[in-house]
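Given next are the chains, with one letter for each unit.
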Amino acid sequence: MEFWNFFWTTVAAFFTLATFSFLYKDNPLYKIAEHLVVGVSAGFFVMVLWHTTLVPNLIDRLADGRWIYLIPLVLGLMMWFRFSKKLSWMSRYPMAVYIGIGAGVAIPLEMATKVIRQLNGMMRPIDWENFFGAGWLDVTAGFSGILLFVGAIAGLIYFFFSKAHTGVFGGVAKFGLWILMLGFGASFGFTVMARISLLINRIQFLDNEWISNAFDSSNEHYTVMYPILFWLVILGLVAYIVYEIIAYRRRGPEETAGTT
Amino acid sequence: MKATFEKLMLLDRRWVFLALAVVGVASYSLKDFQVPILVTNESRQIFAAIDELEEGATIFLSIDYDPNSLAELHPMTYAIMEHAFRRGVRIVITSLSTNGPGMADEAIRAIADSVRIDREYNGVMYPGREVVNGVDYAFLGYKPYPAIVILAMGQDFRIPFPADYYGTPLEELPLMENVRNLSSTECVIVITGTNIADMWLAYGQARQGFPLAFGLTGVSTAQYYPYLNSGQLFGLLGGMLGAAEYEQLADNPGLALDGMRVQLFLHWTIIIFIVIGNVGFFVTRKRRGAGGNV
Amino acid sequence: MKRQLPFFLVFVFGAFMAIQYFVPHKTSEAIYEFFIDILPIIGVFALALGIWSLTKVSVDKIRYRRENWQYAIFTLLGLFLMILFGFTDENWGFHWRMSPEVAGEGTDNPNFRLLFNYVMIPIQATMFALLAFFIASASYRAFRARNLLATLLLIAALILMLRFTPFFGDWIGLRLSETATWLMNVPNTAAQRAIVMGVGLGLVATALKVVLGIERDYMGRG
Chain A
531 MEFWNFFWTT VAAFFTLATF SFLYKDNPLY KIAEHLVVGV SAGFFVMVLW HTTLVPNLID
591 RLADGRWIYL IPLVLGLMMW FRFSKKLSWM SRYPMAVYIG IGAGVAIPLE MATKVIRQLN
651 GMMRPIDWEN FFGAGWLDVT AGFSGILLFV GAIAGLIYFF FSKAHTGVFG GVAKFGLWIL
711 MLGFGASFGF TVMARISLLI NRIQFLDNEW ISNAFDSSNE HYTVMYPILF WLVILGLVAY
771 IVYEIIAYRR RGPEETAGTT
Chain B
12 MKATFEKLML LDRRWVFLAL AVVGVASYSL KDFQVPILVT NESRQIFAAI DELEEGATIF
72 LSIDYDPNSL AELHPMTYAI MEHAFRRGVR IVITSLSTNG PGMADEAIRA IADSVRIDRE
132 YNGVMYPGRE VVNGVDYAFL GYKPYPAIVI LAMGQDFRIP FPADYYGTPL EELPLMENVR
192 NLSSTECVIV ITGTNIADMW LAYGQARQGF PLAFGLTGVS TAQYYPYLNS GQLFGLLGGM
252 LGAAEYEQLA DNPGLALDGM RVQLFLHWTI IIFIVIGNVG FFVTRKRRGA GGNV
Chain C
192 MKRQLPFFLV FVFGAFMAIQ YFVPHKTSEA IYEFFIDILP IIGVFALALG IWSLTKVSVD
252 KIRYRRENWQ YAIFTLLGLF LMILFGFTDE NWGFHWRMSP EVAGEGTDNP NFRLLFNYVM
312 IPIQATMFAL LAFFIASASY RAFRARNLLA TLLLIAALIL MLRFTPFFGD WIGLRLSETA
372 TWLMNVPNTA AQRAIVMGVG LGLVATALKV VLGIERDYMG RG
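Chains as they are written, first to last, in the numbering used here: chain A, 531 to 790; chain B, 12 to 305; chain C, 192 to 413.
Only chain A is shown next, with the shape it has when bound in the complex:
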């Protein structure tokens, strides 16, 4: 890894640790990181919109004399009257085109995706010959097929609030709620994994890209600056911790932790 590459990796590591410092408490370094990322992200987006949409899709086509593209240009500019008190009505025309097309396209396609294809998926013959399935809890077994059908119907009945949940109807709705809870539980299990992944990724970054390169003397570009940069960041971290300990001793635990 070349020096400047490592220098920037150190910057990234610094920002990683600065962001993690929020876990102790909110502090200026975290705030800087938080505000900086908003700006960089917006700047990135501006340039991507300019270079990859406005230039090729509008400016180039107009330059080729394809005047029909004046229509999106005018409609787009009309959007900008949104904040004017007198002329804000003009922004309604591009909005109308937008919403009309969006809603019109959605009607058949959302119906097909979320309702009809799902009904299709439910209407499957029950595999009576393989009712208990092969081995442990077989997804393709007959009983799984029945549960898939009954569970979805019961879930839908639970969401149907126009009729009181009493009697047989209430019983089915209750079963539906059980199925929903199993579903939410499964979802939660996956969510735990998702959140932990985010932390693992940061540990991997700090170790693979930062720490190991700081001390990799087999690197042909390696100089004493590599560990110096590393220790500077660590020193900053330690200084912050010491500062917090002194402040804590002086003021006492004035900040109480939240509940979650």
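By construction, these hints were calculated from the structure, which means they are not laboratory data. Take the hints with a grain of salt, since some may be wrong.
Stated by the list, open to error - Here are the computed lysine-lysine pairs in the DSBU-like style, where the Cα-Cα straight-line distance is at most 35 angstroms:
1) C:Lys252 x C:Lys400
2) A:Lys561 x C:Lys252
3) A:Lys693 x A:Lys704
4) A:Lys616 x C:Lys247
5) C:Lys193 x C:Lys247
6) A:Lys561 x B:Lys13
7) C:Lys247 x A:Lys704
8) C:Lys217 x C:Lys193
9) B:Lys18 x A:Lys615
10) A:Lys615 x C:Lys217
11) A:Lys555 x C:Lys252
12) A:Lys616 x C:Lys252
13) C:Lys193 x C:Lys400
In this text, all values refer to a predicted model and were calculated from it rather than measured experimentally.
Given the structure of chain A, go ahead and fit chains B and C onto it with the hints provided.
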């Protein structure tokens, strides 16, 4: 005993944070610890779809995520891209989330570097080669409003993308010569953690009928299973485990397989937290009387 | 007129797009392609409003010395640097557009990618990594087997969380994995399907109400 649990229930949450960090770092250093991974059918389908393609076939890959979900989704992108390039499969790439082009650009460069090296996968030797822009892959980039862009790509890639991300007109890319729209690719694989997945289902798959598969973050995985069951999706990679399954199938261990041991120990840490929390809840509830529910 | 015409337009475009799906015709296909071509372009102008408002909020914060105004400087700095790099190449030559003949300009500028890869990615990824800590703390404090329903949820979650555990031996380990797969593919699929169908019907009903002009609040009042 009860007094201990009452204290535990009022513990500053930062001790919980510290415990998690310590277990995370400690388990990360157990580099040789192996975690058993059962490959699910939904993951295998995606691997098989690419593995069975002829050399020179084209697939479509959409990298629709921002840096906030790179932990789970980047390993999928890496594994799928590397697998495809090694097999000589070409990829048309787009990115429909706001900061996605940066992620895609980074992944393409990293995989291009990796494919230069000779490597053996599942007992087959793949000599290193140069992956060429416009021949082995085309990165079309970003356009705003994913639903509309997906509809447009269903008609013709040239409607939303007159030029690729680097400013080259699509006519000048040899790869795009015989690729008119989404249906002219062998399959569409979308890697995302947002509701862009819904748009691919409705505005892409439902309208054009192409084979579609998802790589999703753990948070959104569960909600797309109905589409798998109804056949709207032919495969699904769920979170870091899904990525690890793909890496295992492709015999290409990466960040996901590397992270699974930390997953294991941190899952156990959280399970222990849940158990302590529950025991504490029941012990202290009895003390407060039956009404105590908080 | 100013008020009614936009709703009429919504109806015309909405009805056309919905019907076009069922009656593909050469002319209707051409009109359809034209509209899906121009919509992202109009969209850019709408998105520009968002960027403008971010800039205005930050500038005002600094100008009127609002609380934490100093940090707004970093937002503007990030925005300014990205735009500066996005219009130049590595030798600071100005390029208003990207072209295949030039290398390292615009979004391909090494400095542009540097800021993205070494500032944006680590901060955004770490901000989300904080969630790992919050879910641990939440599971400690809030995840209780209070009643039958909460217990069902807890059991399903635990099976999912134990699915790659090697500590119980191969037989139990495999059964846990298989149970987790079954939970995802059967009860979870049934539950999510009920939700998806509910959402789908709601979406279609709302879209119909919008096209037919029954729902009008989205345009703002006045």
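Against the structure, the hints come out as follows:
Straight-line distance between C-alpha atoms of C:Lys252 and C:Lys400 comes to about 41 angstroms, which puts the hinted pair past the 35 angstroms bound. Taking the CA atoms of A:Lys561 and C:Lys252, the gap is about 15 angstroms. The hint holds against a cut of 35 angstroms. For the proposed pair A:Lys693 and A:Lys704, the alpha carbon gap of about 14 angstroms is at most 35 angstroms, so the pair holds. For the given pair, A:Lys616 sits about 21 angstroms from C:Lys247 by alpha-carbon distance, which is consistent with the 35 angstroms threshold.
Simply put, C:Lys193 and C:Lys247 have alpha-carbon atoms about 29 angstroms apart, close enough for the 35 angstroms limit, and the pair holds. Of the pairs offered as hints, the one joining A:Lys561 and B:Lys13 is violated, with about 41 angstroms between alpha carbons and a cut-off of 35 angstroms exceeded. For the hint pairing C:Lys247 with A:Lys704, the CA-to-CA distance comes to about 52 angstroms; that exceeds 35 angstroms, so the pair is violated. With a C-alpha separation of about 33 angstroms, the suggested pair C:Lys217 and C:Lys193 falls inside the 35 angstroms cut-off, and the hint holds.
As the CA atoms of B:Lys18 and A:Lys615 are separated by approximately 59 angstroms, the hinted pair breaks the 35 angstroms bound. For the given pair, A:Lys615 sits about 42 angstroms from C:Lys217 by alpha-carbon distance, which is inconsistent with the 35 angstroms threshold. Between the alpha carbons of A:Lys555 and C:Lys252 the distance comes to roughly 24 angstroms, so the proposed pair stays at or under 35 angstroms and holds. Using a Cα cut-off of 35 angstroms, the hinted pair A:Lys616 and C:Lys252 holds, with the two alpha carbons roughly 27 angstroms apart.
Among the hinted pairs, C:Lys193 with C:Lys400 is consistent with the structure: their alpha-carbon atoms are about 21 angstroms apart, no more than 35 angstroms.
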